[in-house]
Amino acid sequence: MIIRKLVAGTIAAAALLTAGAVPASAVEAQPSTLTTTTGSTKIDAGKTVTISGKLTKADATPIAGAAVSISFCFNGFCGEAQATPVTDAAGVYSAKLTPIRTGNYHADFFSTDPAIGNSGADTPKIVVLHPAKITSFAAGRGADKAVTASGTIDFPGRYTANPIPVELQYFSFSTYRWTSVSTVDATWNGTTWAFATSADHRKPGAWRAFYAGAPEMFHPAGSDLVFVL
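Those letters in the sequence shown? Residues -26 to -1, 1 to 203, per mature numbering (1 follows the signal peptide of the UniProt record, and there is no 0), in order.
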């Protein structure tokens, strides 16, 4: 009986010591909520976008004076922080950034208060379109009466397309539509990107070279019109 009481007392004392040994920092942190969005989801290369959002506690109370790290992400990889705005009294933050290509921004809040947890959020995808320009175009009839055309195309921005499919198009005055009659890839000639093609089309009409662009990378580009008899 005495031994049983001693064991029970030892267990109780150990429990008290264990409870007292838990530091205050081990208390579970309350979650925070970080939102983020972008003012534009499609821009021209070189333009800025506004990234903004709000930081709150679990009970929706704003967290003021907190730094939010914003980094650019492409294909799931995020780089270093490009901006670190601080939340205002309402928990709102904002930053103007210039994305170099299509991707999204990721915002992170790393809490310095052990009672508040970290949080993060992603913006929607931002499509960044780079310029393309057909810098020259000529068309005429060859000896076989086929339409022959040639020209050059340039990408004056940060990136160059690969491949570069250029369409030779004919404008039909009966349908009022452009019709592609030939497609050729522009190639580097040592000075610029050049293309040349032909089409067996006997009717007179207006012709142009057209680059369709890429949905999430390049603007389309069309040449000046050339009338071929």
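Please note that the accuracy of each hint is not assured.
[Claimed, not checked] With a cut-off of at most 25 Å between alpha-carbon atoms, the simulated DMTMM-like pairs for lysine to aspartate or glutamate come out as follows:
#, residue 1, residue 2
1, 31, 96
2, 21, 141
3, 70, 18
4, 99, 118
5, 177, 190
6, 21, 96
7, 177, 82
8, 107, 128
9, 177, 141
10, 119, 141
11, 99, 82
12, 119, 54
13, 31, 87
14, 107, 87
15, 16, 54
16, 28, 82
17, 31, 62
18, 107, 82
19, 16, 128
[Stated by the list, open to error] What follows is a set of in silico ranges between Cβ atoms, one per label pair, in the way DEER data are often shown:
#, residue 1, residue 2, range
20, 53, 187, 23 to 29 Å
21, 189, 41, 33 to 39 Å
22, 34, 198, 16 to 22 Å
23, 53, 201, 47 to 53 Å
24, 92, 139, 25 to 31 Å
25, 203, 149, 54 to 60 Å
Derived by calculation from the structure, the hints in this document are not laboratory data. The C-beta atom is built at its ideal place from N, Cα and C for all residues, glycine as well.
Results of checking the hints against the structure:
no.	hint	verdict
1	31 / 96	holds (18 Å)
2	21 / 141	violated (29 Å)
3	70 / 18	holds (15 Å)
4	99 / 118	violated (50 Å)
5	177 / 190	violated (36 Å)
6	21 / 96	holds (20 Å)
7	177 / 82	violated (62 Å)
8	107 / 128	holds (5 Å)
9	177 / 141	holds (18 Å)
10	119 / 141	holds (20 Å)
11	99 / 82	holds (17 Å)
12	119 / 54	violated (59 Å)
13	31 / 87	holds (12 Å)
14	107 / 87	violated (53 Å)
15	16 / 54	holds (23 Å)
16	28 / 82	holds (11 Å)
17	31 / 62	holds (14 Å)
18	107 / 82	violated (39 Å)
19	16 / 128	holds (22 Å)
20	53 / 187: 23 to 29 Å	holds (26 Å)
21	189 / 41: 33 to 39 Å	holds (36 Å)
22	34 / 198: 16 to 22 Å	violated (58 Å)
23	53 / 201: 47 to 53 Å	holds (50 Å)
24	92 / 139: 25 to 31 Å	violated (47 Å)
25	203 / 149: 54 to 60 Å	violated (20 Å)
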